[in-house]
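**Q** This is what each chain is made of:
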Amino acid sequence: MRTGRHVWLGLLGIVLFAVVFLVPFAFILFTAAKTQTEAGELQFSLPTTWTLLQNLGDALRARDYMLVIAFINSTVLTVASVAILVVLSAMVAYVVQRRESRWNGVINFLVLSGLIIPPAVVPTVWVLQELGLFKTLGGLILIEVAFGLSFCVLLFRAFVATIPRDLDEAAIIDGAGPVRLFFKVIFPLLKSVIVTVVIVQSVVIFNDFANPLYFLPGDENATVQLTVFNFQSQFNTQYNLLFADILLITIPPLLLYLFLNKRIVEGMTAGAVKG
Amino acid sequence: MSTEVGTRRTVTPAVTAPASSVRKKSPYPYWFCLPAAVIFFVFFVVPTFSSFFFSLTRWDLTDWEFIGLDNFIQFFQEPALVMSLKNTLIYAVVTCGLKVVLGILLAQLLTSQIIARGLLRSVAFFPVLVSTIGVGLTFQVLMDPSNGVINHALALIGIDGPAWLVDPRTALLSVALVDVWKGVGLATVIFIAGIVSIPREYFEASSVDGASAFRRFWHIVLPLSKPAITTVIILSLIGGLRSFDLIWAMTRGGPGFTSDVIASVIYKQYQAGFYGLSTAGNVVLFLLVTAIVFPLYGFFTRREVDL
Chain U
0 MRTGRHVWLG LLGIVLFAVV FLVPFAFILF TAAKTQTEAG ELQFSLPTTW TLLQNLGDAL
60 RARDYMLVIA FINSTVLTVA SVAILVVLSA MVAYVVQRRE SRWNGVINFL VLSGLIIPPA
120 VVPTVWVLQE LGLFKTLGGL ILIEVAFGLS FCVLLFRAFV ATIPRDLDEA AIIDGAGPVR
180 LFFKVIFPLL KSVIVTVVIV QSVVIFNDFA NPLYFLPGDE NATVQLTVFN FQSQFNTQYN
240 LLFADILLIT IPPLLLYLFL NKRIVEGMTA GAVKG
Chain P
0 MSTEVGTRRT VTPAVTAPAS SVRKKSPYPY WFCLPAAVIF FVFFVVPTFS SFFFSLTRWD
60 LTDWEFIGLD NFIQFFQEPA LVMSLKNTLI YAVVTCGLKV VLGILLAQLL TSQIIARGLL
120 RSVAFFPVLV STIGVGLTFQ VLMDPSNGVI NHALALIGID GPAWLVDPRT ALLSVALVDV
180 WKGVGLATVI FIAGIVSIPR EYFEASSVDG ASAFRRFWHI VLPLSKPAIT TVIILSLIGG
240 LRSFDLIWAM TRGGPGFTSD VIASVIYKQY QAGFYGLSTA GNVVLFLLVT AIVFPLYGFF
300 TRREVDL
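Same order as they appear, the protein sequences are chains U and P. Take the first sequence: its letters are residues 0 to 274, numbered as in numbering that gives the first Met the number 0. Take the second sequence: its letters are residues 0 to 306, numbered as in numbering that gives the first Met the number 0.
Just so you know, the hints here were simulated from the structure itself, not pulled from any lab data. Be aware that one or more of the hints could be misleading.
Here are the simulated DSSO-like pairs of lysine-lysine, each with C-alpha atoms no more than 30 angstroms apart in a straight line [said to hold, decoys possible]:
1) P:LYS225 - P:LYS85
2) U:LYS261 - U:LYS190
3) P:LYS85 - U:LYS190
4) U:LYS183 - P:LYS24
5) U:LYS183 - U:LYS261
6) P:LYS225 - U:LYS261
Calculated from the model, a selection of chain U residues having no Cβ within reach of chain P, i.e. all distances over 12 angstroms [to be verified]:
7) PRO23
8) THR47
9) PRO187
10) TYR238
The C-beta atom is built at its ideal place from N, Cα and C for all residues, glycine as well.
Pulled out of the complex, with its shape left as it was, chain U reads as follows (with noise of 0.2 angstroms):
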C-alpha cells in the first residue's frame, strides 16, 4: 500500500510538472515549426506542416544575419568574461583565504556590497564614456567581470580552503615563487571548482540582457537576447521567427544542462548558500 501511495504521487507529479514546466517548451518548439499563418493563432497545438528548419534559417538570416553576429558577439563576450574572472577572481580568493589581515574585513565587504548592491545605471555609462568603452565589447566584457567577481571570489575561497597548506610549503621549499607556486601548483588543483564557475557565469552572462542594453546598444552590437527583442517589433506577426529565435538561444543552456546538470545545480546552491 505504501509503494501503491507513492507510485500515485509520483504519476501525479510527472502530469503536473509536465503541464506546468514542459507546456511552455513545448509550444516553443511547436511554434516555432509553424507556418506563419498559423503560428499566429498562438495555439497549443502540433504543426500541420513542420517547416522548423526553414524558420530557423530564416531567423538567422533576418535583418542581414544580425542573429548570427548576435551570436558571435556573445561568444566573444562569454568567453572573454568568463576566462577573465576565472583567472582574476582565484588569484584573490587564493591570497584572501592564504593571507590573514586587517584588509580581509574591507575585502569581504565588498564581496557582499558586490553581490547585494544593484549597479547604478547612468553612472557607469558616464565612466564608460569617459574611459572611451562605451558601446564596445571590451567595456561590456569589464562591465561583466565587474559585476561577476563577488560571485567567483566567494566560490573560489570555500575551495581553496580545502587544499592543503603543505603544498604550498613544500613548492616554496623548492624554490617557486608567488606566481609560480599559484599558476603551476593550486591553480591546477581548482579544476573541479573552476569547471562550476565557468559553467554557472556561461550561462549567466550569454542569458544577461539588461548589461548589453545599457552599455552595448545598438543593431551592429547586439547580443543574442537583444535580438529576440528586435525581433518581437519587427516581426510583429511573425510569431514563428520569433520562436525560432527564442529556440535557437534556449539550445545553448539546454546542452550545457543535459550534459552538466549536476555541475550547475551544485555551483548554483553553493554560491546560494555561501551569498
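The hints should help you fit chain P onto chain U, whose structure is shown.
**A** Frame of chain U; chain P shown alone:
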C-alpha cells in the same frame, strides 16, 4: 557562511609571522588582487559612489549643474514614480513569498520516495537556466487574454480567465507569477540541499513515535530548514527588488505605469535623457535594497547563532 568561519580558524601561525622576523616577501602577494580590485573599483565602486553625487544634479554626462534634492522631490511627487516604488515592494514580497512556500513544498515532494524523482528535479530546475527574455515573451503569448493557451485551458474547466498582462489590476501579479515559475527551481534545489542534510535519526525517531507526514514536515523539516529558508528569502528579495528583464520583456511597465518598478523607471528616464532623475531612482533603489537586505542579513545570521 559556515565555511568562511571554518577557514579563518585554520590559518597556521607560520604565515602571520611576528614582525620581528626579517621582512620576507610573502608567497601570497597582495598585487594578486590588484587587477580584480582595479576593475571592481572603476566599474562598480566609482559608479556607486558617484551616483550619490549625480543624483543631486541635472547632467548630460559631460556637464552637470547642482540642483540639490530636486530630483528626489520630483521622484516622490510624480504619481507614476511613487507607484513604481510601491510595485517594487509588492513584486519583491509576492515573488519571495511564493518561492519560499512553493519551493519548500516542491522540495518536500522531491525528497520523498516517488518515482522519476531525479527527472522531476531536473525539469523543475531547467527554467532557471533559460533566457529571461525568452521566458517573458513566451508567457506573453501564453497569457494572451482571448487567444492565449492559458485562458483556453481555463475555459475548458469552466473558468473565465483574467486578462493577465492587459488588465492594469493583474499585470504586475502576472509578471510576478512568471518570475516564480522561472525561479522556483533554484529555491527548490536549495531547500533539497537543506532537507537531505537533516540527520536521518530525526525521521526514524519520529516514525517510531508514530508522527504523521504533516507533523514530520511541520516539526522537523521546517525548523531544521531555517538556514535554507534564510538563503532563499534573501536571494529572492534581492532579485525581486532589482528585477528588470522580465517586466521589460512582458509589459514594459504597462498598461500605463501600472507594472513599472524602480528598475524600469531608471531605464525609462535614462532613455528619455533625464540622467539626474534616473540616477536618483538608482539611489532610491540602493537605499531600498540596503535598508531591507542588510538588516535582514544581520537578523538571520544572529538567529542562526542562537540555534
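**Q** Now tell me, hint by hint, if it's right for this structure.
**A** Do the hints match the structure? See the list:
1. P:LYS225 - P:LYS85: Holds. P:LYS225 to P:LYS85 sits at ~28 angstroms (cutoff 30 angstroms).
2. U:LYS261 - U:LYS190: holds (16 angstroms)
3. P:LYS85 - U:LYS190: violated (45 angstroms)
4. U:LYS183 - P:LYS24: Holds: U:LYS183 and P:LYS24 sit about 19 angstroms apart, inside 30 angstroms.
5. U:LYS183 - U:LYS261: holds (28 angstroms)
6. P:LYS225 - U:LYS261: The hint holds at about 24 angstroms.
7. PRO23: Contrary to the label, U:PRO23 does not stay out of reach of chain P, its closest Cβ about 6 angstroms off (not over 12 angstroms).
8. THR47: holds (17 angstroms)
9. PRO187: holds (17 angstroms)
10. TYR238: violated (7 angstroms)
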